[in-house]
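Colleague: Quick note, the sequence shown lines up with residues 1 to 100 if you use this note's numbering.
I should point out that these hints are in silico values taken from the structure, not numbers from a laboratory. As the structure is a prediction and not an experimental result, all values here were calculated from the model. Do not rely on the hints blindly, as some may be mistaken.
Pairs of lysine-lysine, DSBU-like flavour, derived with a Cα cap of 35 Å [claimed, not checked]: (1) K31 x K20; (2) K38 x K24; (3) K46 x K24; (4) K39 x K20; (5) K61 x K46; (6) K53 x K31; (7) K46 x K31; (8) K53 x K38.
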Amino acid sequence: MLANSSPAYWGVKAEREASKIVQKDRTKRVKESRDEAKKEIDEYRKNKEAEFKAFEAQGNKEAGEEAGRDAEAQIAKIREAGQNSRDKIVNDLLRGVLEV
1 MLANSSPAYW GVKAEREASK IVQKDRTKRV KESRDEAKKE IDEYRKNKEA
51 EFKAFEAQGN KEAGEEAGRD AEAQIAKIRE AGQNSRDKIV NDLLRGVLEV
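Work out the full structure: start from the sequences and follow the hints.
Modeller: Next comes the structure, spelled out in structure tokens:
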């Protein structure tokens, strides 16, 4: 029992207990930090996914509008070409029918 009552023994024991407490606190803070970081990452991921979906929807809308404009331009070119060569086509058809 004498060894247990020495100041050095109690000092070492107190130091061990303090070390345990500090280690538990560190572990707790690390877990809390990890959980908080995970929440922030999840929130960031959700925000970026929402931004991407909005960007994708806007891109698809713009692409559809651009395709529509291109199609209209092509149709206009075809109609113009038809109007420009209409008389020649009619004459060629009439000549083909009448000369047979």
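Colleague: So, for every hint listed, does it hold in this structure?
Modeller: Going down the list of hints, with the structure as the test:
Using a Cα cut-off of 35 Å, the hinted pair K31 and K20 holds, with the two alpha carbons roughly 16 Å apart. At most 35 Å may separate the alpha-carbon atoms for a hinted pair to count; K38 and K24 meet this at roughly 21 Å. Between K46 and K24 the CA atoms are separated by roughly 33 Å; this keeps the pair inside 35 Å, and the hint holds. Proximity of K39 to K20 is assessed by CA-CA distance (about 29 Å); at most 35 Å being required, the pair is judged to hold.
Restraint check for K61 and K46: satisfied, since their Cα atoms lie roughly 22 Å apart, inside the 35 Å limit. Among the hinted pairs, K53 with K31 is consistent with the structure: their alpha-carbon atoms are about 33 Å apart, no more than 35 Å. A hinted pair counts as satisfied when its Cα atoms are at most 35 Å apart, and K46 with K31 qualifies at roughly 22 Å. For the hint linking K53 to K38, the alpha-carbon distance of about 22 Å falls within 35 Å, and the restraint holds.
Hint compliance for this structure: no hint is broken.
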